[in-house]
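Enquirer: The chain contents come next:
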Amino acid sequence: MSYLARRKFISRVAETLCAVAVLLALLPLAFILFYVIRQGIGSMNWAFFTQMPKPVGEVGGGMANAIVGTLIIIGIAALFAVPVGCICGIHLAEYPDTKFSSMVRFAADVLNGVPSIVVGIFAYGLVVLPVKRFSAIAGGVALGLLMIPIVVRTTEELLRLVPSGLREGALALGATRGRAVMTVILPAALPGILTGILVALARVAGETAPLLFTAFNNRFWSTNITQPMASLTVQIFTYAISPYDDWHRQAWAGAFLLVMIILTLSIVARLAVRRLERMNRT
Amino acid sequence: MARHFDKDIEEIKDLLLRMGAKVEHSIAHSIRALLERDTLMAEEVIERDDEIDRMEVEIDQRTIELIAKMQPAAVDLRFVATIMKITPELERIADLAQDVCERVIELNREPQLKPVTQLPQLAESAQKMVREALDSFVRGDADLARSVIRQDDIADALTEDSFRALLTYMLENPRNISPAIRLTFIGKYFERMADGATNICEMVVYLVEGKMIRHSPPEES
Amino acid sequence: MTALTMQPIRSNRTEVPLMNQTTNDVASATPAKIHVQDFDFYYGDVKTLHGINLDVPERQVTALIGPSGCGKSTFLRSINRMNDIIVDAHADGVIEIDGRNIYESGVDAVELRRRVGMVFQKSNPFPKSIYDNVAYGMRIGGLRNKRRINEIVEKSLRRAALWDEAKDRLQDSALALSGGQQQRLCIARALAVDPEILLMDEPASALDPIATAKIEELIYELKDNYTIVIVTHNMQQAARVSDRTAFFMLGKLVEYGETKTMFMNPQQKMTEDYVTGRFG
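Residue numbers (the working numbering), protein chains in the order written: chain A, 1 to 282; chain B, 1 to 221; chain C, 1 to 280.
Hints are computed from structural coordinates only; laboratory data are not their basis.
Everything numeric in this text was worked out from a predicted model, so none of it was measured.
Do not rely on the hints blindly, as some may be mistaken.
In silico BS3-like cross-links for lysine-lysine, where the CA-CA straight-line distance does not exceed 25 Å [stated by the list, open to error]: (1) Lys128(C) x Lys167(C); (2) Lys128(C) x Lys13(B); (3) Lys146(C) x Lys122(C); (4) Lys260(C) x Lys211(B); (5) Lys69(B) x Lys214(C); (6) Lys260(C) x Lys85(B).
Just need the whole structure built from these sequences, with the hints factored in.
Expert: Right, here's the structure in full:
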């Protein structure tokens with residue numbers, strides 16, 4: 001075999017290996033999606049969205065309380081994680097080389113690595129124990145804690161993506177540093193930051209463990225955030241480990257809905273990132 | 001760092017020097033034709049002038065091309081400017097040598113006048129100035145150029161002296177008038193060659209020092 | 001004989017120092033807007049500018065030339081204290097604008113930058129509309145009067161020779177403009193805060209020849225009203241647009257003088273080697 005032919009051969013082998021690796025990575029995802037859709041879509045109906053869970057033995061019913069509950073809990077999480085995360089992210093992007101910044105960055109990375117159930121226990125100790133009651137607030141705190149490091153890092157990264165020329169341009173026009181951030185850099189990075197928030201939301205929306213000791217569960221309709229509250233993930237968990245076929249079907253439907261929510265959030269996030277990249281190119 | 005247009009500059013310089021050599025040759029032969037009443041040699045000088053004219057055009061073209069392509073600055077710019085002013089000066093000097101030869105041919109058709117000693121002196125002085133002017137350019141020698149400029153006064157004085165001598169001849173005998181007038185012209189031609197050499201030298205000083213000494217009082221030069 | 005007749009002429013002329021007088025006249029007609037004295041600059045422990053001394057005359061274009069890394073951009077950014085944002089950098093010495101040392105304590109860099117505008121190598125319009133870009137500086141300066149802002153936006157765009165091209169699309173994104181237009185927009189944006197000095201860091205280096213020619217023409221017109229300092233790598237550009245040229249090398253000011261002198265008859269060998277391309 002000539003030198004060139006050998007090189008071509010090696011190249012082709014490497015390409016094939018790459019393709020196989022990609023397939024191996026994508027295959028489980030495809031299977032999960034396929035399975036969840038197949039199992040879930042059959043159990044989806046209007047009642048699933050509008051009705052409350054029925055007692056064991058009664059056919060039908062839905063997860064209306066869990067759907068709303070999930071929305072409320074991640075809303076609470078976002079409410080405090082987004083400002084805290086964004087402000088930290090802005091700080092890290094503006095003062096990247098100070099000792100404090102590297103501490104914050106390290107803390108965020110550690111927090112990101114903490115198992116979610118540990119965060120749940122932490123929130124349990126922080127919010128549940130003092131009042132001796134599970135509550136949606138506690139669930140929100142737990143999820144918020146999980147969100148913060150993601151928001152911090154995405155905000156930081158995306159602010160850094162903003163061309164430094166914009167900052168210099170604003171400063172050269174007599175803007176203070178804060179002014180430059182608020183009027184030029186943050187608006188320029190806003191689509192990206194929103195994306196980061198969406199990604200973080202998608203990530204925590206799928207969490208079950210931290211909610212087990214915090215928001216717990218609630219078989220009834222409740223929007224009182226000081227009370228235990230149902231959530232999709234906990235509901236799926238409860239139904240999935242139950243011995244009843246009807247509940248299993250409901251769990252699949254819940255899983256399907258959850259996957260769809262996360263998928264939608266991710267796609268929206270991708271689109272927003274693409275827009276930001278386009279802006280950076282020009 | 002070597003620059004590829006240094007070669008262009010060298011070539012233009014070389015061309016100018018070859019033209020200068022031809023001009024010097026013409027001057028030398030015009031002087032011999034004058035002193036030896038040699039019509040043939042005079043005709044030869046006249047013929048050769050076309051070649052000098054062609055060289056002038058070629059140098060012009062090459063220089064303009066250089067400006068267009070490399071936009072010279074500093075010493076390069078001064079070099080190009082110098083070339084562009086020296087070349088027509090040399091061409092004019094060659095024309096003057098040609099004029100001398102035309103007068104020589106006319107003179108040779110008439111009886112010879114008594115010699116005017118200042119005239120050969122003037123011719124040699126002009127020849128020396130042109131040669132030294134070219135030397136100062138080649139060597140970038142501003143001091144030599146300045147010494148040539150100072151010699152111009154001597155050439156002027158010699159022109160004046162030879163004119164006075166010729167005037168005396170004309171007063172002595174009206175038949176001398178015709179050759180004497182032609183010789184007066186010739187004196188004027190050599191004086192203008194010396195002027196040309198002076199102009200070249202002024203450009204050499206500009207080339208070397210960046211100073212324009214034309215039309216300025218001597219202490220600034 | 002000849003030498004004798006020349007003598008009196010010589011002494012006559014020395015009584016009238018013609019050259020010096022003209023220089024003085026020029027100097028008094030255009031007083032120094034920026035006066036730089038013994039200016040040093042450090043990145044950490046590395047000294048990047050060594051004892052710079054120069055006077056920039058008012059309402060003239062001063063070009064800073066020199067090889068990459070010679071300190072000309074650092075020096076330019078010292079004039080509006082843009083270098084302040086670099087951690088670890090510090091400056092020594094004096095840069096006076098209208099007689100006031102801008103490195104003195106109590107001088108507000110933000111306030112200074114409103115007087116000393118800057119245009120960058122890469123055009124950096126904000127991802128906002130054309131109008132908002134030009135209005136930005138006024139707005140952060142606290143101007144709220146809509147009519148006044150409209151006026152200044154128009155005036156600035158006109159001055160930057162962009163009005164005719166932009167007047168019908170003021171609300172369009174500035175990013176939709178061509179490279180040359182974006183750069184003129186950045187000039188308009190800088191002019192809108194009414195600076196006295198305009199610093200330009202290779203403003204045309206990323207532009208095609210026609211856009212470059214427009215910027216150069218603009219610089220020529222702007223010098224009636226502004227003192228301009230421009231960094232350029234393009235020596236012909238420096239020769240075309242500037243009145244004075246400063247040649248920097250290895251953090252030192254090698255030579256500073258009238259542009260025509262710098263390009264016809266520089267006094268320093270280094271300058272000559274640089275402007276003739278023999279450098280290296």
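Enquirer: Each hint: holds or not?
Expert: Tested hints:
1. Lys128(C) x Lys167(C): holds (16 Å)
2. Lys128(C) x Lys13(B): Given pair Lys128(C), Lys13(B) is violated - Cα atoms ~59 Å apart, limit 25 Å.
3. Lys146(C) x Lys122(C): violated (30 Å)
4. Lys260(C) x Lys211(B): Status holds; Cα separation ~13 Å.
5. Lys69(B) x Lys214(C): Distance of about 22 Å is within 25 Å: holds.
6. Lys260(C) x Lys85(B): Given pair Lys260(C), Lys85(B) holds - Cα atoms ~20 Å apart, limit 25 Å.
Hints 2, 3 from the earlier list are contradicted by this structure; the remaining hints agree with it.
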